[in-house]
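Participant: One line per chain: the protein sequences are A and B, in this order. Its first residue numbered 1, the first sequence is counted upward by one per residue in the numbering used here. Its first residue numbered 1, the second sequence is counted upward by one per residue in the numbering used here.
Among the hints, a few may not be true.
The list makes no distinction among identical chains, and a pair is therefore deemed to hold if it is satisfied within one copy or across any two copies.
As the list claims (entries may be wrong) - Subject to a maximum C-alpha distance of 25 Å in a straight line, what follows is the list of computed DMTMM-like cross-link-like pairs (lysine to aspartate or glutamate): (1) K73 to D112; (2) K52 to E27; (3) K52 to D112; (4) K52 to E191; (5) K135 to E299; (6) K271 to D310; (7) K135 to E191; (8) K135 to D112; (9) K23 to E189; (10) K271 to E191; (11) K156 to D225; (12) K135 to E120; (13) K135 to D247; (14) K135 to D116; (15) K52 to E189; (16) K156 to E92; (17) K135 to E298; (18) K323 to E360; (19) K323 to D313; (20) K135 to D59; (21) K156 to E348; (22) K73 to E298; (23) K135 to D118.
Everything labelled a hint here was simulated from the structure, so no lab data went into it. Because the structure is a prediction, the values reported are computed rather than measured.
2 protein chains.
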Amino acid sequence: MTNQPATKLDTRAQLPPMFARYKSRVEQGLIQAVAQRDTPPNEADSLYVSIKYHLGWVDQTGSPATDAITQGKALRPTLCLFACEALSESVEQASSVAAALELIHNFSLIHDDIQDQDRERRHQPTVWCVWGVPKALVAGNALQSVGDLALLNTNKEGTSPEVTLKVSQLLTASYLEMIEGQCMDLAFESEVYITAAQYLNMIACKTGALFRSGLEIGASVATADAADVDAFSRFGSNIGRAFQIRDDYLGIWGDTATSGKAAGNDIRRRKKSFPVVFALEQANGAALDDLTRIYQQEELDDKDVDRVLDILDELGSKEQSDKIAEASAEEAVESLKGVSLPDWAREEAEDLVDFLAHREY
Amino acid sequence: MTNQPATKLDTRAQLPPMFARYKSRVEQGLIQAVAQRDTPPNEADSLYVSIKYHLGWVDQTGSPATDAITQGKALRPTLCLFACEALSESVEQASSVAAALELIHNFSLIHDDIQDQDRERRHQPTVWCVWGVPKALVAGNALQSVGDLALLNTNKEGTSPEVTLKVSQLLTASYLEMIEGQCMDLAFESEVYITAAQYLNMIACKTGALFRSGLEIGASVATADAADVDAFSRFGSNIGRAFQIRDDYLGIWGDTATSGKAAGNDIRRRKKSFPVVFALEQANGAALDDLTRIYQQEELDDKDVDRVLDILDELGSKEQSDKIAEASAEEAVESLKGVSLPDWAREEAEDLVDFLAHREY
Chain A
1 MTNQPATKLD
11 TRAQLPPMFA
21 RYKSRVEQGL
31 IQAVAQRDTP
41 PNEADSLYVS
51 IKYHLGWVDQ
61 TGSPATDAIT
71 QGKALRPTLC
81 LFACEALSES
91 VEQASSVAAA
101 LELIHNFSLI
111 HDDIQDQDRE
121 RRHQPTVWCV
131 WGVPKALVAG
141 NALQSVGDLA
151 LLNTNKEGTS
161 PEVTLKVSQL
171 LTASYLEMIE
181 GQCMDLAFES
191 EVYITAAQYL
201 NMIACKTGAL
211 FRSGLEIGAS
221 VATADAADVD
231 AFSRFGSNIG
241 RAFQIRDDYL
251 GIWGDTATSG
261 KAAGNDIRRR
271 KKSFPVVFAL
281 EQANGAALDD
291 LTRIYQQEEL
301 DDKDVDRVLD
311 ILDELGSKEQ
321 SDKIAEASAE
331 EAVESLKGVS
341 LPDWAREEAE
351 DLVDFLAHRE
361 Y
Chain B
1 MTNQPATKLD
11 TRAQLPPMFA
21 RYKSRVEQGL
31 IQAVAQRDTP
41 PNEADSLYVS
51 IKYHLGWVDQ
61 TGSPATDAIT
71 QGKALRPTLC
81 LFACEALSES
91 VEQASSVAAA
101 LELIHNFSLI
111 HDDIQDQDRE
121 RRHQPTVWCV
131 WGVPKALVAG
141 NALQSVGDLA
151 LLNTNKEGTS
161 PEVTLKVSQL
171 LTASYLEMIE
181 GQCMDLAFES
191 EVYITAAQYL
201 NMIACKTGAL
211 FRSGLEIGAS
221 VATADAADVD
231 AFSRFGSNIG
241 RAFQIRDDYL
251 GIWGDTATSG
261 KAAGNDIRRR
271 KKSFPVVFAL
281 EQANGAALDD
291 LTRIYQQEEL
301 DDKDVDRVLD
311 ILDELGSKEQ
321 SDKIAEASAE
331 EAVESLKGVS
341 LPDWAREEAE
351 DLVDFLAHRE
361 Y
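Turn these sequences into a full structure, and let the hints guide you.
Facilitator: Next comes the structure, spelled out in structure tokens:
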């Protein structure tokens, strides 16, 4: 990997090699799952245009998209396929399951954008921005069902009904947990003080659940060994935390060009991400007064954003975020210690953890 | 059944007896499914307050509700349990499945209210009206997952993994169809002319799919006989159409006190329900000009509503709605002809069809 400055188009090059290895398999799975429903001779077709637009395949008119960077990293399906290959040296049996994970993650993104009134994602207008809230709501729901169906139909590809049912239960329970996390997150918005512990519990649900179940599901289709599945489950929880804390970091200190998000964006939006929660917990005197006052305002101006950035700097929010991401990364590696894995898999797991905890986008 | 004028509190008395017979079983199933998740010592608890509020169990503060009329008819689970009992003389095995159907129907209602900006349902403020759009969106998603989990977990109650998986596939496919129907419905809003055939195709998805799958699922847990399952599936499609056309009728000509909806409400909201679609297809001259003009306005006043009512009257929209509901009812009864059923079941099926096609609320 080269170390040249990242530009909009070469960021993907920094991903660990497993992303490239599984990329076309994930895409095939997604295309197949969506194509199973996208055959209406009727008025529902604009539904699938909005879904394919969100997935980065077409533009707003339904014509094929040319700029592949608008697609996501396919993180969750990659994790799922990795767990499956690490335990069984084969990925075939996890293809549909991996696609389902990505579809369900994308359903949550479409609804998240409505909730947060976000107008842009991956350098493009969000679905609700293009088609309005009612259609975006329906598109999200449809995407979830397309994902569920992809998963429920895996038994038609040779997976036993027992395993298919088990992974469906795992996935459904985990996205209910994700939803519960979203709900806590919404509740936090109207509160000024949240403890770091409350925040970490919330992201364990909102972000961690789908990371955890992705790895658990990938492991479950590969092996019936409960200890191995459990190890990958803990691995998932830990990398989920590392990922989210790094995401919070990038939302404040990330480079706009690489992350696709505006710098200081999360502060301007008064988002109580980890660095802010930590600062609110640590602050005293003028810093506490200023944070409290600023986070109770309806809107923040440039001066407010600068003041918050100064306070976070003073209180060591950046260092603490790094520390938590680092500790989660170490715990993740530790989780897999007891599992018998081929060398390539252990090395890749460590590279993955390193990437998630230190990525710049 | 008495024929006294219906009041807000005695409408339930007009329901066919199967509703009373299954009522407590459905309620138990719902309570059990929701209770499985509603145990958070955390900030997600307001999520379950909003869900239980929507189900009519608690008020906005979370205190037990006193007025049972705010609960729905539990139509879909009742149909499911009926199919199961008619084919196997037992309902035990369909309890969780029936609860799942009702939960998923209610998820769609919470989201429908957001889409349509409806402020009232069952004489109560809607969830988005009380808690805002973001929380209502999340509550709907959670309710769907609670329903899915209830269904996926039926194998823990003795149903085989194969049958559990089959009914999960049926249900998921049918609510994707329901969502596709909602999408067509949204697309229709921006078009002036829709044919009656397009409209009937839309409601076959939007309303019919869940009726059909409810009966198909109830039949599937009772028997492996494909012809019997198929007969109940066709029965469901037909009563779905009869139900929706009657719903459209009541939305225009229904009695406000019994239906819980404002008279002429669907006209004022420019809803293109069957009577209006039929009138637009039939109209000529001044009637067509007036309908076209009125349905292109942003808002309708009393004079507009009266003019539309007069046109529907002239063109026989009421009679045509009755005719379609009647024909669907007859086809429904016909669908079950080839199935060997006990006398009580055939009689109840006929009473049910009669109720759905002629109900006043």
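Participant: Now, for every hint given, state plainly whether the structure supports it.
Facilitator: Status of each hint after checking the structure:
no., hint, result
1, K73 to D112, "within (18 Å within a copy, 32 Å between copies)"
2, K52 to E27, "within (12 Å within a copy, 39 Å between copies)"
3, K52 to D112, "both (17 Å within a copy, 23 Å between copies)"
4, K52 to E191, "between (37 Å within a copy, 24 Å between copies)"
5, K135 to E299, "between (29 Å within a copy, 21 Å between copies)"
6, K271 to D310, "within (17 Å within a copy, 54 Å between copies)"
7, K135 to E191, "between (31 Å within a copy, 15 Å between copies)"
8, K135 to D112, "both (14 Å within a copy, 11 Å between copies)"
9, K23 to E189, "neither (36 Å within a copy, 39 Å between copies)"
10, K271 to E191, "within (11 Å within a copy, 40 Å between copies)"
11, K156 to D225, "both (23 Å within a copy, 21 Å between copies)"
12, K135 to E120, "both (17 Å within a copy, 21 Å between copies)"
13, K135 to D247, "between (28 Å within a copy, 23 Å between copies)"
14, K135 to D116, "both (16 Å within a copy, 11 Å between copies)"
15, K52 to E189, "between (31 Å within a copy, 23 Å between copies)"
16, K156 to E92, "within (13 Å within a copy, 28 Å between copies)"
17, K135 to E298, "between (29 Å within a copy, 19 Å between copies)"
18, K323 to E360, "within (16 Å within a copy, 65 Å between copies)"
19, K323 to D313, "within (15 Å within a copy, 73 Å between copies)"
20, K135 to D59, "within (16 Å within a copy, 30 Å between copies)"
21, K156 to E348, "neither (31 Å within a copy, 37 Å between copies)"
22, K73 to E298, "neither (34 Å within a copy, 43 Å between copies)"
23, K135 to D118, "both (16 Å within a copy, 16 Å between copies)"
Consistency with the previously given hints fails for numbers 9, 21 and 22, ordered from lowest to highest.
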